[in-house]
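*Asks:* What follows is each chain in one-letter form.
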Amino acid sequence: MAPLTPYTYIQCPCSDASTLGRQADGDSPEDDDLDDRTFDPRAPRSNYSLYPLDYLNYCEDCQQIRCPRCVAEEIVTYFCPNCLFEVPSSNLKSEGNRCTRSCFQCPVCIGPLSVTSIESQPDPNLLAAPDGTPAPHSGPYILTCSYCNWSSTEIGIKFDKSNSIHAQLAKLNNGGTARLTAKDHKERRKEGSHGLAGPPAAPAPTAAGNGDDNEELDVETQFANLKSFYQSQLADSTAGSSGLAGLTDLGFSSPTSLSRIMSIYTGGTVHDRRAKARPGTMREALSSDEGLQIASLDESSAIRELHEAGYDGTISTEQSTNQPPHLGEVYLHGSSRFASSLRPIPYLLRTKRSKRCPVCRHIISKPEAKVATTRFRIKLVASAYIPTITIRPLNIPSSPIPGTLPPLQPSQFILTFQNPRFETIQVTLATPAKTPGRFASKVTVLCPQFEIDANTDVWDEALKDSSDKTKIRRRGAAGEDGTHQAEAGKIWERGRNWVSIVVEVVPASLRMDLLEATANPLKEDEDVLEIPMFVRVEWEVEAGGDEVGTAPGRDRETKERCELAYWCVLGFGRVSQA
Amino acid sequence: MSTSTTALPHRAVANIKSPGGGVSGPSTPLRGIASNFGSPSSLRAEEELLLIEFGTRKLHIGFAGDAVPRGTVWFGPDQQRRVGDFRVWQMDYRDEWAKRASGDQWGKDHELWQPDVRGLDLGLVGDKIERAMREAITKYMLIDSRPRRMVCVLPSGLPIPILSTTLETLFSRFLSPTVSLLSIPVAVAVGAGVRSALVVDLGWSETVVTSVYEYREVRTDRSVRAGRMLTEQTHKLLAGHLTQAQKKPGAGPDDIEHVLSFEECSEVTSRVVWCKPSHHSSATNPEDGLATVEEQDETDSRNHPSGGAHATTTIPLRSGATPASLELSHDQLAEPCENTFFEPQCSPRSFDDHELPLHLLVYRSLLELPLDVRAVCMSRIIFTGGCAKVLGLRGRIFDDVSHLIRERGWDPVQGKASGKLGTASRLKKRGSRQASGGPTSVQPDGAGGEEQDGVWHDAANTVPEVDPVEEQLRRSRDRKEHLQVHGKMRAVESLGAWSGASLVTQLKAAAIATVDRDVWQQQGTAGASRAGDVDTKSQRQSVGPAIRGATSGSSWTLGVWGAV
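Those protein sequences? They're chains U and Y, same order as listed. Start counting the first sequence at 0; every next residue gets the next number (numbering that gives the first Met the number 0). Start counting the second sequence at 0; every next residue gets the next number (numbering that gives the first Met the number 0).
Among the hints, erroneous ones may be present.
Claimed, not checked - Covered stretches of chain U, as calculated for chain Y (at least 3 residues, CB under 8 Å):
| no. | segment |
| --- | --- |
| 1 | 49-56 |
| 2 | 61-73 |
| 3 | 83-97 |
| 4 | 144-155 |
| 5 | 281-295 |
Said to hold, decoys possible - The calculated lysine-lysine pairs, modelled on DSS-like cross-linking and capped at a C-alpha distance of 27 Å, are:
| no. | chain 1 | residue 1 | chain 2 | residue 2 |
| --- | --- | --- | --- | --- |
| 6 | U | Lys351 | Y | Lys107 |
| 7 | Y | Lys107 | Y | Lys388 |
| 8 | Y | Lys507 | U | Lys92 |
Hint data in this document are derived by calculation from the structure and do not stem from the laboratory. Backbone N, C-alpha and C fix where the C-beta goes; we use that ideal spot for every residue, glycine too.
Please construct the entire structure, taking both the sequences and the accompanying hints into account.
*Replies:* Laid out in structure tokens, this is it:
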């Protein structure tokens, strides 16, 4: 097991103990006291509110951390991650969330597919043809994956043109047969029953020319048929009575519509009357033209195919979840089971999003609109506002397994707080004396309260480097690095804009036999020593925000005290299980 | 009161414009109608409805009006990690599954909720929903986080605490102004184009058989024989064929229950587990409309003994102690399905109410329906849910139920005594039916109609009663209606709950229940009144232009999910 590098997670204050619904009852009655409750990093819910510092934003106006859960997002650009084509937002509704050009992923290994011609490479002799130009690729094209060598010939699909593969693919079923879209069906039906005005005009079930009552429909067609059927039914059933659905083809001349208009103003009683009259006026779909599909439950051919194909002939869960919903499929039930039913996956579009603070509506992050640039116009990241915490081992007793902490022996760590602000900040730390969870380790922060000097220009320090070397003050008594002792209440080390303190932990023993009844085996990560720590940061800012020079004396009065408090989780390392 | 005032402004506008009350001009009422549809936002044309179907293991999300959902998010342990935790990509991650989920927890982290809410951390459920929704919205929906109206498609047996958590998450995290609720069985029926159906939802934690009659759920039966059990049975099968060395080290022979990871078992289940055809299907070939299915099953069962027994499938397994590949015959691979859903080796009496084999469950469910409801429902059986994908399972259930019906008819009494009576003369049978009918029958009163005229009506050959008045009414209403099939077994294909709900919403029909954000935040579940107290006439008319605004006063309902 790889040794664990120390880490820090921060809990966004947006997810405080305002519990959604009810707590899991029964386990700990003292939890009722919300104020006293320490944050338990191991509770399953904590995973949803903890973020590494780099994932957090910061709202300057609210002086608050903003995590991905508590920002309002707006979309700047939609684009295809493969061809970087910027998709206008209007296309999204009509054409879906995938790239509609020729960008596809391999259904087997999700590598990018490329369009190649299956014509064999032109004969070298042909190159010397009189026109002097190599014969352009022509003829059928296929999609191939250069990683796993999958190609669309495996599912029997070839394309006539090398561009707009998406549109061509939509018209092809696996095996290469052309697929009738919903529109085609409609047209066919229209031809069959001469001159029916339009879909809402309700083609009667028998009026359809193709009399096959249980024609197999694909999903899209069935949906379209059902939709037009329901619409026609709604129109039919309400045409006689004073229904509202008749609105779409409303004729104001009819007396019924007048009475309906009257009834609108007479309030709710009419609804009841109509509701009584309605049941049964809508009938159900009767044929495939109306979207009814009698199920053929005989799957013996598929079973046979399964037996022949074996395990490798079927597709894995991962592959099937990656498959886009295929509208040309006949039924959703047997969908995507065999490798032969795989379809190339059009790339999902991606978005660039700007983020706003949900409270004050200020933008906290805004990327450049162009797809190719990775720059941000505005980006308020939390690491520029709240101190970063780094963990370094100081004094760890030797452990049987290297890289782990020996249980029941005090280990010391140095926590370094770095202040990114240009103001001096006061930091107050609090930890529970014993970590929550099954294995309670003891924690002592030797110096829970300290002040960190303001951040300055980096060059200041570099230039003043020689003279200010003494600024790195060490509070350890003895001069020798290895031997000096950490003292309670004293800072370990201090620099320009950083302060180090010492934390002493006594990891609990992970031996099961020391626990009483709970014989559950060690859960994942339960051997990691994690310490919840409440960090409170205070600083002074100038009130009003006008930076025009004011007298230093008056400055005192106009200064405003700000504070920010949050829980964070420090992971120190694994406790050895020996 | 609050809803009435919120609904009013539009109407008020209409009233101002036409003080004469509609007589003045025909063009004004249109505005009033728009408000009557209950969607004041119809003025904002760009607003789309988000349609979310929650299942135990996944959620489907998309825009209302689409044929299929835009995206599907599966709940899984990887989703429950902290942000920035990339251990999933580590080399040995998959091998350490036992630490994460063994014992009781095996597979639990792939579920959004458990139907047993006693030990359930509802806050966690809310968090899971939120994260999955966020993933779906960013990855598949590509929409910003403006508040949107939402429609939730939920199992109708969802406990109120979970429902409450779901709504709370949608309201507080996604700031949805209104959330409408639709139940899965009704949506499935709509997706099939029928008004009544017997929806057999072969789900993950339980199989639910719901009879929908005229878009109302009239009866629900459930059994724990479902996806989870199937996966466990698959595990049992695979574990039984592993040698001791291939199992996880350190595990005693009986100490640890799970030697393979859930992910792998689930995968094997979905890939190669299948279901044998019914024994009964080839025995007799009755003329009651099953011809096509039966015939082809026969061919299959002829094929089967020849090739099935010897042919094997090699299954590679990696989550055991050492990688192994198991050679299992096709018959063996059908075992989990057999044991999970049918358990033919046990007598029907040995099952508890919550674990009836599926064919019995469906039969029982049909049997206890009122006669005419049964006649309609039995010819509109819809299979849905994840386990409907198990090859052959649907056909098997269907055949077994048909067989049961042929064998027993619709007689709730069975056993030796009734069998003896069956052999006796038909007249006698009628008499005894009448005598024993009262106390022992568990049928609801609608079934009493069977005995009233002293003739035993077999639903399978019931001739619809000819009532001249009724007939005339029907003819005047709709000439096609007499074409309705009933009284014979028939299965119907549905587009599924999501697409059905998409149809419902697109047709501007009111959902069973619609919850307003403001009202919810004031009242919570406690504010919901019983479905019956609210104007059900307009509310429950799922399809049809029922008027949501017509709900009187401030009362709102959670529909079939009931009230606290």
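*Asks:* Of the hints given before, which are not true for this structure?
*Replies:* 4 and 6
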